[in-house]
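The primary structure of each chain is shown beneath.
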Amino acid sequence: MSVLLQFVHPVARKSRANRALLDAARAVQGVTVNDLYELYPDFHIDVAREQALLEAHAVVVFQHPFYWYSAPALLKEWQDLVLAAGFAYGPGGTRLRGKTLGSALTTGGAAEAYSPTGHNRYPIRALLAPFDQTAHLCGMRYAEPFVVHAAPRLSDAALAEEGARYADWLRALAAGAPV
Amino acid sequence: MLVQAFIYLAAAALAVPVAKRLGLGSVLGYLLAGAALGPSVLNLAGSAAELGHFAEFGVVMLLFLVGLELRLSELWAMRARLLGLGGLQVVVTAGLLAALGLAADVAWPAATAGGVILALSSTAIIIQTLQEKRLMGTPGGQATFSILLFQALAIIPILALWPLLGGGGGAGEAGHGAAAAGRPGWQVALGYLGGLAAIIAAGRFLIRPLFRAIARTGLRELFTVAALLVVVGIAAITEAVGLSAALGTFIGGVLLADSEYRHELVADIEPFKGLLLGLFFITVGASLDMPLIAREPVAILALLGAMVLVKSGVLLALGRLFRLGWDQTLLLALVLIVGDEFAFVLISLSRAQGVLGAEQAGLLTATVALSMALTPLLFLAYERIVVPRLIAARAPAKAADEIDPAAVRDHEVIIAGFGRVGHVVGRMLRAHGRTATVLDLDSDYIELIRKLGFKVFYGDATRLDLLHAAGAAHAKIFVVAIDQPAQSLALVETLQKHFPHLTLLVRAEGRVHAYELQKRGVKFFYREMLGSALDLGEATLRQLGHGAHEAHRAARAFRRHDEEAVRALAEHWEDDDVYFSEARKSIEAFEKMFEDDRATPPSDPAWAPAAPEDRSRG
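In order, the protein sequence lines correspond to chains A and B. Residue 176 in numbering that gives the first Met the number 0 sits at position 177 of the first sequence; the count goes up by one each step and never skips. Residue 99 in numbering that gives the first Met the number 0 sits at position 100 of the second sequence; the count goes up by one each step and never skips.
For the record, the hints were derived by calculation from the structure and aren't laboratory data. Since this is a predicted model, take the numbers as computed values, not measurements. Check each hint, because a few of them may be wrong.
In silico lysine to any residue, SDA-like type, Cα no more than 25 Å apart, as pairs [said to hold, decoys possible]: (1) LYS75/A to ARG555/B; (2) LYS98/A to GLN28/A; (3) LYS475/B to GLU581/B; (4) LYS518/B to THR502/B; (5) LYS475/B to GLN542/B; (6) LYS475/B to ILE402/B; (7) LYS75/A to HIS551/B; (8) LYS591/B to ALA11/A; (9) LYS450/B to HIS431/B; (10) LYS591/B to GLN28/A; (11) LYS591/B to ARG12/A; (12) LYS98/A to GLU143/A; (13) LYS132/B to PRO16/B; (14) LYS75/A to ALA550/B; (15) LYS75/A to ALA547/B; (16) LYS450/B to ARG426/B; (17) LYS75/A to TRP606/B; (18) LYS132/B to ARG80/B; (19) LYS584/B to ALA547/B; (20) LYS75/A to ARG426/B; (21) LYS75/A to HIS545/B.
Listed next, with one range per pair, are the computed distances between beta-carbon atoms [to be verified]: (22) LYS454/B to PHE42/A: 27 to 37 Å; (23) LYS591/B to ARG152/A: 21 to 31 Å; (24) PHE42/A to SER531/B: 14 to 24 Å; (25) LEU38/A to GLY432/B: 26 to 36 Å.
Glycine included, each C-beta is placed from N, C-alpha and C at the ideal position.
Based on the sequences and whatever the hints tell you, model everything.
In structure tokens form, the structure reads like this:
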């Protein structure tokens, strides 16, 4: 199955972790990388093109930094425009039904921070509820997220390891592994 | 020799900047420098005549370059205008002037020579002036260009037929067909045809392969050598067959105009041409016969008067005949009065062939030189007198369109000027169901726009009655998209005075116009070049590998900064010192914004990864 990787980072140049993950993803067969900030620097999204891409892939992955417990602004704009009624949800909105949605995140905080006793208080999975519910409303399965914690503090070797882990995760999604 | 070179260079270095500063143009600067060096003033010129032979090679190069600018295919496309407008200008003007000469008891060869000499106009001076004043694109500018092109082409028959004036006799001069001496006119003319064929063949089969071979060596200076070789070679060959060197190189230039080496040739020959042509003008200036001028001021003024009246009279008639508006016709008539630098060549050629006597040649030289001095004044007259009068007088020439007040009553927007800027605004509004009332002053263009289905009213938007008819009293917004700052400001003032309720959105030409608008309290002004300049900057950053969104933000940041700066600097712009120091500060401040970001690791706060010690976000 083919994977549509929606890469969402306003200045990829500044993120070692996201670049490392993206490089690893590009080497995986069947992955289409769609760099939203490169395509729509002025936030003027080509809705028809994006919807056609969604229809052509069985798996959709949002790869982005976990800004303010969510995604960079352009992904929200993308959701608002592309996941339209009659296409993604609502009467006649069945075009995404049966597909899989996955989140691949980088965070500044360490894994321990995302716990009732950490300073982010909630586990990642709980903070991802809006994405989970988005998938649900569109009739998509929401895969177990892929997370790189404390990304700015990782060594190059550690990033390479995360890249390999990411490639495995993508291959598993592409193979239609249970989620 | 060295001392003389020093004197000439020093005179040029002093006189040319002064002449430029006075708005007189470099040609006149060289002439004045030469006049100052001449025997009647400082007497430092030495043997100007001897140097003149050398300097005339500058003219040969000038003609080669003029030829290079003429592509046969483009010439063919505009043949009707070229032949009609240009042909009539040269033939009628020269004919009338020659007739005047005959009436004043001048012998017919001298009268004809004088007529042709005074009929020509300086390509160098006119094109440069038109470009400086941004008049090249106007109908009058285009007509001027056609006439200049025809004159450039007319050089071929003029040079070919010139010996006939002298009956084929006269002493040949360097660069002007020594071999032609002593033969009857028809034989000389026949010899020329053979020479032309030889040059055309050489251009086709010799020169281009030569350049290809040299280009393959990759040696830059070898190309300069080859370019000079071509020019000198053509000159030498054509002289050997009894043809003028200037004519030969001109044809050589035309032949090479379509070649892939055109730009290199221009770049290589240009500096030599500039230097030698400057020298040529100095020698012309030095040979100005000052005592003659002092003795015969009436004769010179009469010649100049005849030149000005006949040339402008013919051009006025032609402008109307070719359906130019009055303002464009006047532009044509004023701008083409100036004499041609090529006239000096024809004068010395005529002297050599005995067509003109020493005194006649001196008078003609002085007349042409004076006409060059007149050019800046004529332009000033055009800008100060013709433009303001005719903008006001234009409406009577064609009455403004009747506007039915009922039809435009519910239009909330009026757009003045429907060119490249206004029509985009109009189309955007129409696409959103907002019909605007549109006014424009270019009737030809309005016809075109109407064919595309836009309703545009012809009329001068600065006129109060037209503004009332267009519904300015009921409209909410007035878009001033006129490209002429002076008219734009006049319109703004009228609107502010009579329709203070309108919101004015104004196209600004540049900073100065923007400052003028702010002085009048206009808040919404939009500089016409800024948008595309930012697009270019953004695209360049992207091509250099910057991220698309980052480049886009850089352009947005620049726009915001620049819009703030143009508002902050508005109060200083009339004080040069403060203005430039403030402008420098503003530029530095903008660059500082990005300096931090270029450091590694980047420290622009936007989307920077959290500092290792900061774990508060995400």
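Verification of the hints:
This hinted pair checks out: LYS75/A and ARG555/B have alpha carbons roughly 21 Å apart, not beyond 25 Å. Under the criterion of a C-alpha separation no larger than 25 Å, the hint pairing LYS98/A with GLN28/A is consistent with the structure, at around 18 Å. At most 25 Å may separate the alpha-carbon atoms for a hinted pair to count; LYS475/B and GLU581/B exceed this at roughly 37 Å. With a C-alpha separation of about 16 Å, the suggested pairing of LYS518/B with THR502/B holds against the 25 Å cut-off.
The straight-line distance between the Cα atoms of LYS475/B and GLN542/B is roughly 43 Å, outside the 25 Å bound, and the hint therefore fails. Distance check on the hinted pair: LYS475/B and ILE402/B sit about 18 Å apart at the alpha-carbon level, within 25 Å; holds. For the suggested pair LYS75/A and HIS551/B, the alpha carbons sit about 19 Å apart, so the restraint of at most 25 Å is met. As the CA atoms of LYS591/B and ALA11/A are separated by approximately 22 Å, the hinted pair is consistent with the 25 Å bound.
With a C-alpha separation of about 21 Å, the suggested pairing of LYS450/B with HIS431/B holds against the 25 Å cut-off. For the hint pairing LYS591/B with GLN28/A, the CA-to-CA distance comes to about 44 Å; that exceeds 25 Å, so the pair is violated. Using a Cα cut-off of 25 Å, the hinted pair LYS591/B and ARG12/A holds, with the two alpha carbons roughly 20 Å apart. Distance check on the hinted pair: LYS98/A and GLU143/A sit about 14 Å apart at the alpha-carbon level, within 25 Å; holds.
Distance check on the hinted pair: LYS132/B and PRO16/B sit about 19 Å apart at the alpha-carbon level, within 25 Å; holds. Taken as a hint, the LYS75/A and ALA550/B pair is honoured in the structure, with Cα atoms around 21 Å apart against an allowance of 25 Å. Of the pairs offered as hints, the one joining LYS75/A and ALA547/B holds, with about 18 Å between alpha carbons and a cut-off of 25 Å not exceeded. In summary, the hint linking LYS450/B to ARG426/B is supported, as the alpha carbons are separated by about 15 Å, within the 25 Å threshold.
With a C-alpha separation of about 16 Å, the suggested pair LYS75/A and TRP606/B falls inside the 25 Å cut-off, and the hint holds. Between LYS132/B and ARG80/B the alpha-carbon distance is near 24 Å, which keeps this suggested pair within the 25 Å criterion. Distance check on the hinted pair: LYS584/B and ALA547/B sit about 29 Å apart at the alpha-carbon level, beyond 25 Å; violated. For the given pair, LYS75/A sits about 31 Å from ARG426/B by alpha-carbon distance, which is inconsistent with the 25 Å threshold.
Taken as a hint, the LYS75/A and HIS545/B pair is honoured in the structure, with Cα atoms around 23 Å apart against an allowance of 25 Å. A C-beta distance of roughly 35 Å is found between LYS454/B and PHE42/A, which places it inside the suggested range of 27 to 37 Å. In this structure the supplied range 21 to 31 Å holds for LYS591/B paired with ARG152/A, their Cβ-Cβ distance being about 30 Å. Checked against the given bound of 14 to 24 Å, the beta carbons of PHE42/A and SER531/B, roughly 21 Å apart, stay inside it.
Checked against the hint of 26 to 36 Å, the pair LEU38/A and GLY432/B passes, with Cβ atoms roughly 31 Å apart.
In the structure shown, a violation is registered for the earlier hints numbered 3, 5, 10, 19 and 20, in ascending order.
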